[in-house]
Amino acid sequence: MVHAGLPTKGSGTGSAPSDHGGVGGYILAGLIIFGGLGAWLDRSLGLSFLTPLGLVLGAVLGSYLVYLRVFRTTVEPETHPRSGPGTGHEGESE
Amino acid sequence: MSGHVLTDGGYTPPSTHEVFPPPFFEQVPWLDKPFLLVCLSVVILVGFFGAAVRRPAMVPSRLQFTGELIYSFVRNGIGRDVIGSANYQRFVPFLFALFTFILVNNLYEITPLISFPPMSHIAFPMVLALIVLVVYNVVGIRQQGFVNYFKNVMFIPGVPKFVYPILSPIELLTILVVRPFTLAVRLFANMFAGHMLLLVFMTGAEYMLIEVANPALKAAGLLTGVVAIVMTFFELFVAVFQAYIFALLTALYIGGAVNEGH
Numbered sequence: 323m324v325h326a327g328l329p330t331k332g333s334g335t336g337s338a339p340s341d342h343g344g345v346g347g348y349i350l351a352g353l354i355i356f357g358g359l360g361a362w363l364d365r366s367l368g369l370s371f372l373t374p375l376g377l378v379l380g381a382v383l384g385s386y387l388v389y390l391r392v393f394r395t396t397v398e399p400e401t402h403p404r405s406g407p408g409t410g411h412e413g414e415s416e
Numbered sequence: 002m003s004g005h006v007l008t009d010g011g012y013t014p015p016s017t018h019e020v021f022p023p024p025f026f027e028q029v030p031w032l033d034k035p036f037l038l039v040c041l042s043v044v045i046l047v048g049f050f051g052a053a054v055r056r057p058a059m060v061p062s063r064l065q066f067t068g069e070l071i072y073s074f075v076r077n078g079i080g081r082d083v084i085g086s087a088n089y090q091r092f093v094p095f096l097f098a099l100f101t102f103i104l105v106n107n108l109y110e111i112t113p114l115i116s117f118p119p120m121s122h123i124a125f126p127m128v129l130a131l132i133v134l135v136v137y138n139v140v141g142i143r144q145q146g147f148v149n150y151f152k153n154v155m156f157i158p159g160v161p162k163f164v165y166p167i168l169s170p171i172e173l174l175t176i177l178v179v180r181p182f183t184l185a186v187r188l189f190a191n192m193f194a195g196h197m198l199l200l201v202f203m204t205g206a207e208y209m210l211i212e213v214a215n216p217a218l219k220a221a222g223l224l225t226g227v228v229a230i231v232m233t234f235f236e237l238f239v240a241v242f243q244a245y246i247f248a249l250l251t252a253l254y255i256g257g258a259v260n261e262g263h
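As they're listed, the protein sequences go chains C and V. Numbered as in the numbering used here, the first sequence ends at 416 without a single skipped number. Numbered as in the numbering used here, the second sequence ends at 263 without a single skipped number.
In short, the hints are calculated from the structure, not lab data.
Per the computed footprint, the stretches of chain C lying under chain V, defined by three or more beta-carbons under 8 Å from a beta-carbon of chain V, are:
1) 346-352
2) 379-393
Sample of chain V residues lacking proximity to chain C, with all beta carbon distances greater than 10 Å (derived):
3) Pro30
4) Leu38
5) Leu46
6) Pro57
7) Arg63
8) Gln65
9) Thr67
10) Val139
11) Phe193
12) Glu212
13) Gly222
14) Thr233
15) Phe235
What follows is a set of in silico ranges between Cβ atoms, one per label pair, in the way DEER data are often shown:
16) Lys152/V with Leu367/C: 31 to 37 Å
17) His18/V with Pro374/C: 32 to 38 Å
18) Pro374/C with Ala98/V: 42 to 48 Å
19) Leu131/V with Leu367/C: 32 to 38 Å
20) Ala361/C with Leu64/V: 54 to 60 Å
21) His18/V with Tyr389/C: 40 to 46 Å
We put the CB at the ideal spot given by N, CA and C, even for glycine.
Modelling step: build the complete structure from the supplied sequences, incorporating the hints.
Shown next, in the form of structure tokens:
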């Protein structure tokens with residue numbers, strides 16, 4: 323089986339919705355964590371540039387996770403002789 | 002000119018108060034329109050699908066056909082295609098209940114005489130999203146074991162080790178907080194905004210057509226009325242689509258929890 327947290331692009335209807343649910347979620351989580359970290363550091367250290375830095379970093383890391391979780395796994399099944407891109411779900415999607 | 006006419010106190014635009022109708026009786030504050038509508042939706046669903054399967058026939062009646070159409074859409078289109086044919090069957094009842102429940106409640110929005118979407122109260126989507134949160138996490142833990150589940154969620158293979166402290170918190174926050182949050186807000190915001198949109202166009206058209214003497218405004222009111230009708234059909238699409246998206250994302254999350262680690 324495909325070991326993605328989200329279905330791969332080849333899994334029938336999974337393509338667009340996985341972008342919908344996955345992309346927004348990971349990037350939002352990255353923004354919350356690293357933006358929050360930046361804001362907390364800003365307040366405790368008396369600085370002001372760490373919040374935007376954290377937000378950018380969070381967005382970048384969230385996007386990186388989207389790449390790892392959603393897009394990288396689309397390549398993986400092709401290296402398996404057993405399962406092509408369309409057979410992530412036993413070929414029943416179409 | 003129209004700006005003056007509309008702001009001189011004659012027309013009161015709809016506000017957020019519209020989604021908080023007062024309770025029917027002062028003494029029973031919880032008994033209000035959204036509450037009754039949600040209860041009614043359960044009665045409608047049980048009645049409809051109960052009638053649809055009462056006397057199943059090889060050549061289905063129109064009612065049975067409709068019921069089976071909706072069921073097979075959820076079963077195959079959402080359940081099997083997204084979760085995968087190996088594990089999807091035990092989740093179909095849950096997905097089906099979610100989809101139909103949200104669908105009926107959303108369709109209230111454009112039903113004449115009701116025209117109110119209970120999902121515009123964030124409490125309802127929130128509870129649904131919390132149920133989804135519990136379901137996919139419990140499913141994942143039962144399928145893979147507690148340690149394995151969180152290990153699979155938090156540690157992606159094939160990434161240098163020093164990245165884990167940075168990425169793992171994001172993953173954990175995503176599955177525990179962000180997913181149910183976005184699920185609830187997506188449904189709530191769509192229904193709330195749709196309701197407001199319809200109210201603005203309908204009350205605006207009503208005011209300009211009936212209350213105002215100015216012929217230019219009457220013409221504008223006519224146009225507004227046409228837009229209100231167009232928007233009603235657009236909201237029909239939104240109502241169905243949001244129910245579909247909610248069920249689909251739920252299936253996606255369950256699929257991720259079930260299939261991980263295979």
